[in-house]
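Novice: This is what each chain is made of:
2 protein chains.
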Amino acid sequence: MRPVKPFRPDWSERPPKKGTFRAIFKYGDPNTFKHPGDQWVTMLKDEFGMTDEDFKSRRGEGREKVALDRPGRLSADQINAFADIVGRENITTDDYQRARYAYGKTVEEMMELGQGIIADVADLVVHPRHKDDVRRIIRYCSGEKIPVYVFSGGSSVNLGLRPVRGGITLVMTTHMNRFLELNETNQTARVQPGIFGPAYETALNQAPERFSATRRYTGGHFPQSFEFSTVGGWVVTLGSGQASTYYGDAADLVISQEYVTPAGHFKTHDYPAAATGPKVNDIMKGSEGTFGVLVEVTLKVFRYRPENRRYFSFMFPSWKAAVMASREIVQGEFGRPAVYRISDPEETDRGLKLYGIPSIVDLFLKKRGFNPMQRCLCLGTVEGDRDFTRLVKRRIRQIARRYRAFYLGGYGSRKWEKTRFTEPYMREDLHDFGITIDTLETSVTWDHLHALHRGVRMYIKRRPRTVCMTHASHFYPQGTNLYFIFIGRFDGVDDYRAFQAGVIDQIQKHGGSLSHHHGIGRMIAPWMTDYLGEEQMAVLRALKKHFDPDNIMNPGGQLGLDLNPARRGNQIRKST
Amino acid sequence: MRPVKPFRPDWSERPPKKGTFRAIFKYGDPNTFKHPGDQWVTMLKDEFGMTDEDFKSRRGEGREKVALDRPGRLSADQINAFADIVGRENITTDDYQRARYAYGKTVEEMMELGQGIIADVADLVVHPRHKDDVRRIIRYCSGEKIPVYVFSGGSSVNLGLRPVRGGITLVMTTHMNRFLELNETNQTARVQPGIFGPAYETALNQAPERFSATRRYTGGHFPQSFEFSTVGGWVVTLGSGQASTYYGDAADLVISQEYVTPAGHFKTHDYPAAATGPKVNDIMKGSEGTFGVLVEVTLKVFRYRPENRRYFSFMFPSWKAAVMASREIVQGEFGRPAVYRISDPEETDRGLKLYGIPSIVDLFLKKRGFNPMQRCLCLGTVEGDRDFTRLVKRRIRQIARRYRAFYLGGYGSRKWEKTRFTEPYMREDLHDFGITIDTLETSVTWDHLHALHRGVRMYIKRRPRTVCMTHASHFYPQGTNLYFIFIGRFDGVDDYRAFQAGVIDQIQKHGGSLSHHHGIGRMIAPWMTDYLGEEQMAVLRALKKHFDPDNIMNPGGQLGLDLNPARRGNQIRKST
Numbered sequence: 001m002r003p004v005k006p007f008r009p010d011w012s013e014r015p016p017k018k019g020t021f022r023a024i025f026k027y028g029d030p031n032t033f034k035h036p037g038d039q040w041v042t043m044l045k046d047e048f049g050m051t052d053e054d055f056k057s058r059r060g061e062g063r064e065k066v067a068l069d070r071p072g073r074l075s076a077d078q079i080n081a082f083a084d085i086v087g088r089e090n091i092t093t094d095d096y097q098r099a100r101y102a103y104g105k106t107v108e109e110m111m112e113l114g115q116g117i118i119a120d121v122a123d124l125v126v127h128p129r130h131k132d133d134v135r136r137i138i139r140y141c142s143g144e145k146i147p148v149y150v151f152s153g154g155s156s157v158n159l160g161l162r163p164v165r166g167g168i169t170l171v172m173t174t175h176m177n178r179f180l181e182l183n184e185t186n187q188t189a190r191v192q193p194g195i196f197g198p199a200y201e202t203a204l205n206q207a208p209e210r211f212s213a214t215r216r217y218t219g220g221h222f223p224q225s226f227e228f229s230t231v232g233g234w235v236v237t238l239g240s241g242q243a244s245t246y247y248g249d250a251a252d253l254v255i256s257q258e259y260v261t262p263a264g265h266f267k268t269h270d271y272p273a274a275a276t277g278p279k280v281n282d283i284m285k286g287s288e289g290t291f292g293v294l295v296e297v298t299l300k301v302f303r304y305r306p307e308n309r310r311y312f313s314f315m316f317p318s319w320k321a322a323v324m325a326s327r328e329i330v331q332g333e334f335g336r337p338a339v340y341r342i343s344d345p346e347e348t349d350r351g352l353k354l355y356g357i358p359s360i361v362d363l364f365l366k367k368r369g370f371n372p373m374q375r376c377l378c379l380g381t382v383e384g385d386r387d388f389t390r391l392v393k394r395r396i397r398q399i400a401r402r403y404r405a406f407y408l409g410g411y412g413s414r415k416w417e418k419t420r421f422t423e424p425y426m427r428e429d430l431h432d433f434g435i436t437i438d439t440l441e442t443s444v445t446w447d448h449l450h451a452l453h454r455g456v457r458m459y460i461k462r463r464p465r466t467v468c469m470t471h472a473s474h475f476y477p478q479g480t481n482l483y484f485i486f487i488g489r490f491d492g493v494d495d496y497r498a499f500q501a502g503v504i505d506q507i508q509k510h511g512g513s514l515s516h517h518h519g520i521g522r523m524i525a526p527w528m529t530d531y532l533g534e535e536q537m538a539v540l541r542a543l544k545k546h547f548d549p550d551n552i553m554n555p556g557g558q559l560g561l562d563l564n565p566a567r568r569g570n571q572i573r574k575s576t
Numbered sequence: 001m002r003p004v005k006p007f008r009p010d011w012s013e014r015p016p017k018k019g020t021f022r023a024i025f026k027y028g029d030p031n032t033f034k035h036p037g038d039q040w041v042t043m044l045k046d047e048f049g050m051t052d053e054d055f056k057s058r059r060g061e062g063r064e065k066v067a068l069d070r071p072g073r074l075s076a077d078q079i080n081a082f083a084d085i086v087g088r089e090n091i092t093t094d095d096y097q098r099a100r101y102a103y104g105k106t107v108e109e110m111m112e113l114g115q116g117i118i119a120d121v122a123d124l125v126v127h128p129r130h131k132d133d134v135r136r137i138i139r140y141c142s143g144e145k146i147p148v149y150v151f152s153g154g155s156s157v158n159l160g161l162r163p164v165r166g167g168i169t170l171v172m173t174t175h176m177n178r179f180l181e182l183n184e185t186n187q188t189a190r191v192q193p194g195i196f197g198p199a200y201e202t203a204l205n206q207a208p209e210r211f212s213a214t215r216r217y218t219g220g221h222f223p224q225s226f227e228f229s230t231v232g233g234w235v236v237t238l239g240s241g242q243a244s245t246y247y248g249d250a251a252d253l254v255i256s257q258e259y260v261t262p263a264g265h266f267k268t269h270d271y272p273a274a275a276t277g278p279k280v281n282d283i284m285k286g287s288e289g290t291f292g293v294l295v296e297v298t299l300k301v302f303r304y305r306p307e308n309r310r311y312f313s314f315m316f317p318s319w320k321a322a323v324m325a326s327r328e329i330v331q332g333e334f335g336r337p338a339v340y341r342i343s344d345p346e347e348t349d350r351g352l353k354l355y356g357i358p359s360i361v362d363l364f365l366k367k368r369g370f371n372p373m374q375r376c377l378c379l380g381t382v383e384g385d386r387d388f389t390r391l392v393k394r395r396i397r398q399i400a401r402r403y404r405a406f407y408l409g410g411y412g413s414r415k416w417e418k419t420r421f422t423e424p425y426m427r428e429d430l431h432d433f434g435i436t437i438d439t440l441e442t443s444v445t446w447d448h449l450h451a452l453h454r455g456v457r458m459y460i461k462r463r464p465r466t467v468c469m470t471h472a473s474h475f476y477p478q479g480t481n482l483y484f485i486f487i488g489r490f491d492g493v494d495d496y497r498a499f500q501a502g503v504i505d506q507i508q509k510h511g512g513s514l515s516h517h518h519g520i521g522r523m524i525a526p527w528m529t530d531y532l533g534e535e536q537m538a539v540l541r542a543l544k545k546h547f548d549p550d551n552i553m554n555p556g557g558q559l560g561l562d563l564n565p566a567r568r569g570n571q572i573r574k575s576t
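Protein sequence lines, in the order shown, are assigned to chains A and B.
Take 1 as the starting number for the first sequence in my numbering and just add one per residue.
Take 1 as the starting number for the second sequence in my numbering and just add one per residue.
Please note that a few of the clues may not be correct.
Beyond 10 Å from chain A on every Cβ pair, some chain B residues (computed) [said to hold, decoys possible]:
| # | residue |
| --- | --- |
| 1 | ASN31 |
| 2 | ARG58 |
| 3 | VAL280 |
| 4 | ARG404 |
Derived DEER-like restraints, expressed as beta-carbon distance ranges [said to hold, decoys possible]:
| # | chain 1 | residue 1 | chain 2 | residue 2 | range |
| --- | --- | --- | --- | --- | --- |
| 5 | A | GLY409 | B | THR32 | 38 to 46 Å |
| 6 | B | GLN398 | A | ASP252 | 46 to 54 Å |
| 7 | B | GLU307 | A | ALA213 | 35 to 43 Å |
| 8 | A | ASP505 | B | THR32 | 57 to 65 Å |
| 9 | B | ARG394 | A | PRO15 | 54 to 62 Å |
| 10 | B | LYS34 | A | ARG216 | 44 to 52 Å |
Partial list, computed: chain A residues near chain B (C-beta under 10 Å) [as the list claims (entries may be wrong)]:
| # | residue |
| --- | --- |
| 11 | PRO6 |
| 12 | ARG129 |
| 13 | GLN331 |
| 14 | LEU408 |
Source of the hints: derived by calculation from the structure; they are not laboratory data.
Where is the CB? At the ideal position from N, CA and C, for every residue including glycine.
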């Protein structure tokens with residue numbers, strides 16, 4: 001029997017003090033917290049054999065002030081040159097600032113920061129005011145061979161902005177965060193790269209008030225990091241939003257881009273299609289800061305009609321049935337859902353427990369043959385024209401029924417929608433008590449989905465006391481993604497890294513891509529040559545050499561472009 | 001009054017003899033003819049002041065046998081080396097074969113061939129049997145610095161396969177024309193590049209009989225050249241089919257590609273999406289033979305359900321109304337039509353006359369305010385799921401009504417569908433009597449559409465006695481294409497080329513892309529640097545240098561990669 005008043009760990013509600021390690025790694029807003037619920041604590045105790053005692057002492061919280069003791073390697077002349085370009089108020093060599101803009105949101109970064117360990121930092125932080133600043137900065141850095149890193153939202157989960165060679169970090173969110181133009185005729189928006197998700201989406205939603213537009217619009221792009229990631233980041237890392245099954249991935253949304261590179265400054269054309277040779281607009285997508293700096297981007301926008309949105313959720317009797325129905329839905333050519341997610345049996349059962357399913361419903365489902373560790377939850381929404389959303393939802397219900405799914409109404413999807421951006425807040429709470437939660441994601445064609453799911457799960461579950469929850473949440477007629485969430489206790493950062501490398505190995509071995517939407521960064525870079533093959537890596541290296549002959553743009557491992565090709569896979573992954 | 005029995009020119013029904021110039025330039029099947037109807041003759045007389053007398057003497061019909069008098073420049077050793085690779089039966093130095101595989105279907109090629117003029121030819125024609133042959137050929141040519149051209153369907157309308165540096169031409173349709181694999185789970189088809197449209201589509205339509213598949217499929221790609229173009233050609237030139245508004249352009253259909261290049265042989269991944277850096281699959285699209293040889297391609301396929309197809313046609317009161325309604329339709333997010341076309345006033349009126357509109361209907365339309373040289377015809381179809389096609393058609397009708405269009409039922413679209421591949425057959429008939437019909441096409445964003453249409457038309461119509469008919473036939477939320485058809489009498493090929501160059505200038509000047517779906521080839525190449533800008537041309541040249549350091553792949557102007565950048569626009573266009 002559960003006690004009447006369950007034990008509640010002393011989850012921290014202390015906002016991290018300015019200048020501390022924790023201020024760097026805490027997710028999202030410094031004053032916002034979202035703690036694991038009681039059912040989480042029950043699960044942690046059950047899974048990891050933890051007792052109330054284990055929730056008394058905290059591991060590295062990173063409450064100390066950051067002090068680097070690492071003087072920058074730029075000369076006074078060089079620093080003055082940057083001050084001349086952007087103004088002295090827009091550069092800093094402050095220890096905390098240098099550290100803050102050197103970090104993304106990987107687990108290994110959190111682990112090290114919690115222990116007061118700072119890895120690589122830039123020598124100087126620079127806040128460009130506009131694209132002309134960026135052009136002058138890149139020209140200067142080319143002449144002086146100063147490495148250039150770009151920090152926008154800072155939500156990278158693969159060490160994508162780590163300044164391993166020092167130099168400067170450009171912060172895009174300080175000034176270059178403006179919504180420049182809404183073109184209603186073409187249904188496009190032109191923005192600076194440092195605009196955050198909410199500012200972008202709000203401007204579009206409020207287009208009549210803001211731009212005297214005739215309609216409201218939406219960007220259609222809602223990654224989990226939406227509140228703390230930027231449009232520029234979405235584009236250069238090939239991100240994907242939660243409604244991508246309908247709206248497309250970031251790469252699909254991009255109409256044109258403007259870049260400053262060591263090899264020149266250019267803007268691609270705005271044509272919706274053209275047969276004019278290989279497209280530079282495509283070549284730049286996913287370049288992750290290694291070719292140049294994105295200074296403007298024009299994206300497709302869509303009509304904003306939340307009144308037409310429809311919600312649905314189902315319980316499928318099995319993963320196999322859920323996958324088959326989903327494939328049928330996305331190949332059916334009646335229009336596609338916007339959000340569409342299926343959870344595997346472990347995620348379904350843990351989800352039902354963690355987010356509270358009334359026991360009467362659970363009992364009912366079991367009676368109907370929807371058994372624990374077999375049944376699979378499906379959530380989704382439909383957007384677009386009113387009659388279109390009605391048709392799509394009806395067809396989805398018909399197909400789900402054919403695969404013996406039980407319709408659960410819209411409640412589950414509405415509930416999911418409310419919390420869809422805030423889940424990451426829990427990771428510091430868990431971290432404080434020695435529990436690590438992390439994710440890896442991949443894309444896969446339908447015919448390899450089950451082997452990949454089984455293979456990766458087998459590896460993760462072979463580790464004692466490790467939770468593995470999986471969902472597919474971005475659907476295409478030719479396949480989907482798999483998103484693996486794992487929770488475990490690790491013996492420090494090297495232990496964790498070794499485990500994580502093993503998961504990446506398994507993804508690759510079982511036919512998954514190295515990433516569906518998180519990108520490559522430095523974390524997954526060592527697998528790139530095996531993944532692409534020497535010939536295709538050579539293509540990327542040729543482009544790199546063209547744009548950046550002196551290797552000053554995000555140098556030091558990004559995308560694997562300047563890694564020694566003899567060192568592959570997890571051989572290269574080690575403690576910093 | 002029209003005479004009871006109208007004058008009929010003596011249109012040729014003599015199939016070109018084997019080995020003749022005409023056998024090279026005649027469109028399509030040698031034994032198939034489609035002559036301009038009586039209304040055409042009336043138009044030609046009216047427009048060009050032609051009399052019955054003008055239809056008595058023919059200009060250069062090219063009935064002579066091709067004789068080159070140009071020995072190949074390959075040594076006996078080199079020719080033997082190719083024979084060793086593919087077998088002696090798969091190479092030839094025959095004059096006619098060398099000429100035949102050097103030609104596409106531009107008007108200037110027809111004009112010159114009609115006069116017995118042969119421009120550039122390869123030294124040797126090679127028919128590779130499989131991708132391993134191609135690999136060995138490219139390796140050998142790299143060592144010997146022998147230029148390599150690729151001939152597949154031969155429907156290029158921009159001199160895209162002209163062997164200006166001699167060397168060899170690879171003919172892909174002889175052996176490398178197989179349908180390799182249908183993957184029903186992923187809904188993809190893997191084929192060799194030399195498979196023609198009908199063979200590809202028929203294999204998919206007959207999937208149950210051919211592959212024991214559970215369903216019938218369609219490739220969704222139907223360019224006007226469908227019967228005489230190949231899947232490989234569609235991909236490397238960025239083609240677009242008549243139903244692209246629904247199915248997407250060739251570039252959208254490509255899942256993965258396998259290439260043999262001087263820098264190596266590789267196949268890209270089959271993932272429907274991935275965030276793993278810039279995509280080599282995208283980089284190769286549109287490379288027009290300059291990077292390497294496409295040896296296999298995997299494409300998306302779709303469910304084939306012709307029973308769900310719905311037809312519609314409308315008359316809009318004006319071009320402005322037609323454009324506004326079309327934009328509303330494609331931005332409406334209720335699903336898109338498959339075929340969707342709007343004709344401008346000149347095309348509408350000429351079309352009504354040329355293809356016969358009952359005078360009662362014409363009278364009725366005029367009475368309702370649909371006036372000649374204002375009214376615009378719209379044709380289309382809807383494909384996909386049954387209820388989806390019903391919804392899309394209903395919405396299209398609602399929107400068209402809002403823009404005061406008159407619904408004309410499905411007859412016009414069905415009639416168009418029947419003849420949609422055979423229009424090009426008329427060009428030799430017209431050519432024989434000194435009339436030139438040709439097209440140029442471009443893409444444009446909605447906000448530049450009217451200026452582009454006006455600007456290009458003004459240039460064309462400024463030329464006395466020149467017909468200009470325009471339609472838009474590929475629609476995107478962000479814009480469309482414009483397809484200009486012009487008919488005139490030209491004083492030889494240089495006169496024609498100068499006029500054509502002027503049209504390209506006007507397209508560029510008024511904000512159109514250099515091509516929506518015909519590609520660049522050598523014909524439009526001189527405009528590329530102005531179009532892309534030096535910085536983006538440099539990106540393409542860097543890729544070219546990587547894949548093909550010795551410039552043996554389709555060298556001599558293709559895509560403008562190896563043109564002297566100082567020579568731009570029509571300065572470089574001159575008689576061969």
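Novice: It remains to establish, for every hint, whether it holds in the given structure.
Specialist: Structure-based check of all given hints:
1. ASN31: 31 Å, holds
2. ARG58: 34 Å, holds
3. VAL280: The claim breaks: VAL280/B does not keep its Cβ more than 10 Å from every Cβ of chain A (closest is about 5 Å).
4. ARG404: 20 Å, holds
5. GLY409/A - THR32/B: 38 to 46 Å: Cβ of GLY409/A to Cβ of THR32/B: about 60 Å, so the range 38 to 46 Å is violated.
6. GLN398/B - ASP252/A: 46 to 54 Å: 28 Å, violated
7. GLU307/B - ALA213/A: 35 to 43 Å: 41 Å, holds
8. ASP505/A - THR32/B: 57 to 65 Å: 58 Å, holds
9. ARG394/B - PRO15/A: 54 to 62 Å: 55 Å, holds
10. LYS34/B - ARG216/A: 44 to 52 Å: With Cβ atoms ~50 Å apart, the hint holds.
11. PRO6: This hint is violated: PRO6/A lies away from chain B, its Cβ roughly 40 Å from the closest one there, beyond 10 Å.
12. ARG129: Check failed: Cβ of ARG129/A comes no nearer than 23 Å to chain B, outside 10 Å.
13. GLN331: 6 Å, holds
14. LEU408: Cβ of LEU408/A sits 24 Å from chain B, so the hint is violated.
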